[in-house]
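Here the protein sequences line up with chains H and L, keeping their order.
Using the UniProt record's numbering, the first residue of the first sequence is number 1, and each one after it goes up by one.
Using the UniProt record's numbering, the first residue of the second sequence is number 1, and each one after it goes up by one.
Just so you know, these hints were derived from the structure itself, not from any lab.
Because the structure is a prediction, the values reported are computed rather than measured.
Mixed in with the good hints there might be a few duds.
Label pairs and their in silico Cβ distance ranges [unchecked claim]:
| id | chain 1 | residue 1 | chain 2 | residue 2 | range |
| --- | --- | --- | --- | --- | --- |
| 1 | H | Gly193 | L | Pro224 | 29 to 35 Å |
| 2 | H | Arg89 | L | Arg93 | 58 to 64 Å |
| 3 | L | Pro35 | H | Gly193 | 43 to 49 Å |
| 4 | H | Asp204 | L | Pro137 | 32 to 38 Å |
| 5 | H | Arg173 | L | Asp126 | 51 to 57 Å |
Which chain H residues stay away from chain L? Per the calculated CB distances, all over 12 Å, these [to be verified]:
| id | residue |
| --- | --- |
| 6 | Asn45 |
| 7 | Leu129 |
| 8 | Ala130 |
| 9 | Pro137 |
| 10 | Gln197 |
| 11 | Gly218 |
Ideal Cβ placement from N, Cα and C applies to all residues, glycine included.
The residues making up each chain are set out below.
2 protein chains.
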Amino acid sequence: MQFTSEQLLDDGVLAREFTLGEIPGTLWTPASSAPVPLILMAHNNGLPKGAARLVARARHSAAHGYAVASIDASGCGDRPRSAADEQARAELRRAMQAGEPVDEIFESFIGPLVENAVPEWRTTLDALLALPEIGGPVGYSGWTALGIRLAVAEPRIAAAGLFAGGYVPRAQREEARQVTVPLLFLLQWDDEGNPRQRALDLFDAFGATEKTLHANLGGHTGTPWFEVEDGNRFFDRHLK
Amino acid sequence: MQFTSEQLLDDGVLAREFTLGEIPGTLWTPASSAPVPLILMAHNNGLPKGAARLVARARHSAAHGYAVASIDASGCGDRPRSAADEQARAELRRAMQAGEPVDEIFESFIGPLVENAVPEWRTTLDALLALPEIGGPVGYSGWTALGIRLAVAEPRIAAAGLFAGGYVPRAQREEARQVTVPLLFLLQWDDEGNPRQRALDLFDAFGATEKTLHANLGGHTGTPWFEVEDGNRFFDRHLK
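Only chain H is shown next, with the shape it has when bound in the complex:
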């Protein structure tokens, strides 16, 4: 893991860009002398780690006392996309404009995106936990499909905050019942592109004995800011 730049932000948070082989990442850490717990934060469906809303959440959680890390995994964010992926996304846009069903198109590229992202997140986790400033335990926040796959594959994930707005491949909907870590599931009640009932069914399916749904009125991007604070408190209950 090589740090390529660093910036001390006005809330005392240190933001560092790093590379780990081909993987570009960002690590936000609080001003703290003791090792702190870690939150892996992933944006929906492979959106970039530099997206403004993700960065705002990461900074807030870091200022609250967490190390927060995000990467652009293979095919995600600013990483190159395969020709098949580009073609699927073009087909998705066409189908959406035509008002045609899109589930199978989503399935064709979100499924592999999740599968390919998981080993890179695990490699990153290994490297992060070797840093002296990061202790544990480890939480996960954000992209639901990746969170399900990671929580099932990676025993070091101790709690997960998942955002319901995003296509969840059938494979992850089926393995949701194997997710047994404490969960906070965040739903936008009127999310334009994501059927509410499907999200409620997924919440029902999770195998965790401790799971909480927070639903707020409004569309996909309308999550109120206080949910970031609620998320911090959820992690405080399970990671501190």
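Dock chain L against chain H, hints included.
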């Protein structure tokens, strides 16, 4: 309003019993020299103000900085019940044991219970706001059916935290869209006696532009304690 007893609790909260005409009530206030906002707290379907879980919530919110008041309204708690009410409750027990539908029985006695409780809660609110230690604004917490009726009838209610576990008469389900104050709606996902879909439909129906659903795994009485803290923070956003 006459105070009949008082007790200083170990968290610095003063608990006072009062009577207001025929209405018995309890007022919990924090150790504070400035006037504090008020939360009216009502237990589901007319259960007593002295119920242990209500008292624990009231104390916690008072220690957090709120005046909290609860009453046994007409026909509620330890107040005498009408012969018709007793008969309806006996019929309810019989029907539940026999596995028969119970909606119409609930309707026959919860409807009047709500209607008769509202004027007594409003009278109590008048008296409470005349006390120098209570400022405003005013929140409501607990029994959903009463909360809907009060929020529609009483413009001084500025925010409401409602517990979904309890029968909501048709009249209140219909006027839910007139409830426009910020809402926190608390649902137990596996509440034995209260259909989940009916609660989700009610959340959908509320007219508030700012409404949040918190759902937790577990049965009717399994609400996790952190929801009391979340409730305090909800009121902090709207009453402070």
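Does the structure break any of the earlier hints, and which numbers would those be? 10 and 11
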